[in-house]
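> Chain by chain, the residues run as shown.
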Amino acid sequence: MKNTAILCFLFSILLFTACYKNYDNIKVLGWVPIYSDSIDLDIKVESPRTVTSLERIYVFQQYIFAIEKAKGVHIIDNSNPEAPVPIHFLSIVGTTEVAIKDHYLYTDQLSELVVIDIHNIAEAMELGRLEGVFPNSGNLPDQNSGYFQCPDPGKAVEGWVRDSMFIPDCSI
Amino acid sequence: MKTMRNNAICFVIVLMSILSCSKDASPAGNVGQGGSLARFSIIGNNLYVISGPNLKTFSLTDPLNPALMDEQRVAFDIETLFPLGEFLLIGGQSGMHIFSRDAAGRPEYISAYQHVQACDPVVANDTVAFVTLRSVEGCRFTETNQLEVLDIRDKRNPQLIKAYTDFENPAGLALDGNLLFICDLENGFFMLDVSKPSDVKILHHIKGVNVHDAIARNGLLLLVGPKKLYQYDYSNPAAPRQLSTLVVPD
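As given, the protein sequences belong to chains Y and A, one line each in that order. If you're matching positions, the first sequence starts at 1 in this note's numbering and goes up one per residue. If you're matching positions, the second sequence starts at 1 in this note's numbering and goes up one per residue.
Same shape as in the complex, but just chain A:
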């Protein structure tokens, strides 16, 4: 009788470890990375798409036959999609929207952070979100050009920590650890130390490039402008080094 109970306990433990394994190993698969202005984003077996005012979720369980599994209206002015583990952050002209994802990947609305009307992509880590607000012709009626740093530890209640106004046209942005890169269109780009969200420091302002979005990972910064791609090595944050400029030839 005792053996049987032990066996049962053993079985449960083994089952649990198998289950937890299969969850850990649940293939994030080999997924690429987009910039902050992206409207497409893949997490696990789901493709999320901003389409007009809607957030659409596709199942990629059968990769060749994506299936629309969910569709939710978020806001008429949503523009960008940022994957954050079990969360999705959506940037819109009037605010940032936070969704969680259930076991099947279906998004569930949690909260929104409202700000003045401006154009705004978002990037984040688990505790802090960075939103750029940009006023341009046609993009609502603000004179706001700033970086807003938000405390998102409580996903139900995002709070502004501080706004920074050192930028002319802050557009796309990229985060790698404590380094934040902000594209400032014709005004080049900024590299910032965000280790203290209440005291973000500009490390470098690099001019002479016109860029609107960025991807930063493993010390390599990729920037895109209307006509060119630029790459920088920032593995030494004190001295970022330009690696290349690419114009696709005839």
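Excised from the complex, chain Y in its bound form:
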């Protein structure tokens, strides 16, 4: 009887051991962040720029705001939808989203919420900033791209490269 109990105990240990897999040693394909050398957090109005990768769009009055991921916002005068005219590029390193109310544009810049006055778009300027409110955000790889190395929240991500890695903490 005692032997049976011991056998049963040993057998169940065996079963539990079989469940255990060490995932630490498994390599997967994922994305590695490339950081820009210098982080320039200044908001700047520049001349229109080539599109590399458009993400979100936002419409406010006669203007279209088209987000160039992590770089800034193309501002387009759409007074005539048959002939929209790019008028400015609002450089905001690290941006992914905008929303506008009463000529104040709210955007994320890495972990910060920034308020930009666009009463006069040609002279748009930062008027407020709330730090540390988006610890998870910043510039992530494209949606649905699987594993990626969690980016350093203090750095601006310029882009991503595919590489093999041990299973990272971050994934989309």
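Think of the hints as simulated: they come from the structure by calculation, not from any bench. Fair warning: this is a prediction, and the values are worked out from it, not measured in the lab. A portion of the hints provided could be inaccurate.
[Unchecked claim] Pairs of lysine-lysine, BS3-like flavour, derived with a Cα cap of 30 Å:
1) A/Lys-227 with Y/Lys-44
2) Y/Lys-69 with A/Lys-56
3) Y/Lys-44 with A/Lys-228
4) Y/Lys-69 with A/Lys-207
5) A/Lys-56 with Y/Lys-155
6) Y/Lys-155 with A/Lys-227
7) Y/Lys-69 with A/Lys-227
8) A/Lys-56 with Y/Lys-44
Please build the complex by placing chain A on the supplied structure of chain Y, with the hints as guidance.
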């Protein structure tokens, strides 16, 4: 004595009308409009943001000094935010979450509609929500590419009315009245008549464009693709007309 009572009644009526006025006139302000993939949304004096798994609420009462007033964990896989009057609809990879907003704008969880794991923005009117599910590499393990139409009259109990599978990679979408626009990436976009949610009809499938999100209002459809912006006039739904294609120049 009677006059005094009348005065009191009069005062109450006036006060009530003033209060109701101030509520009606409570400035929605001059707010812009985002596409269905947006994670930022302004309603009244609140900015709502999807940040990681959390829904964050900022007060814009002092527009230059936004203040974080609320933060709630919703789900690890939430992606999009759609404002619907006193409600917020949040799209995630495993379902749609419905929140109401209290007088201060603070969100309160009401319910969730769970579906298969896929990528899914949502748009809605008061009674019906439209959710696209898209399976792409890395976006979970489904082969689901469809539009799900949900009855949301009872916000506590959203119900599937019908799923439509005419799409390859349904992504962003836009709703204007009874017209629904669905971006289908390299497969162009669709314009649908959704006046009968149980019998949604494809009016047009326009190919030759690659688009992932849309904004539709007042007969003007704005579509965004990785490199281009497209605009269509749909004021005559029988014959949408392309107005322009924009590539931002050097």
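> Confirm or reject each hint.
Hints versus structure:
no.	hint	verdict
1	A/Lys-227 with Y/Lys-44	22 Å, holds
2	Y/Lys-69 with A/Lys-56	21 Å, holds
3	Y/Lys-44 with A/Lys-228	23 Å, holds
4	Y/Lys-69 with A/Lys-207	26 Å, holds
5	A/Lys-56 with Y/Lys-155	23 Å, holds
6	Y/Lys-155 with A/Lys-227	27 Å, holds
7	Y/Lys-69 with A/Lys-227	12 Å, holds
8	A/Lys-56 with Y/Lys-44	27 Å, holds
In the structure shown, no violation is registered for any of the earlier numbered hints.
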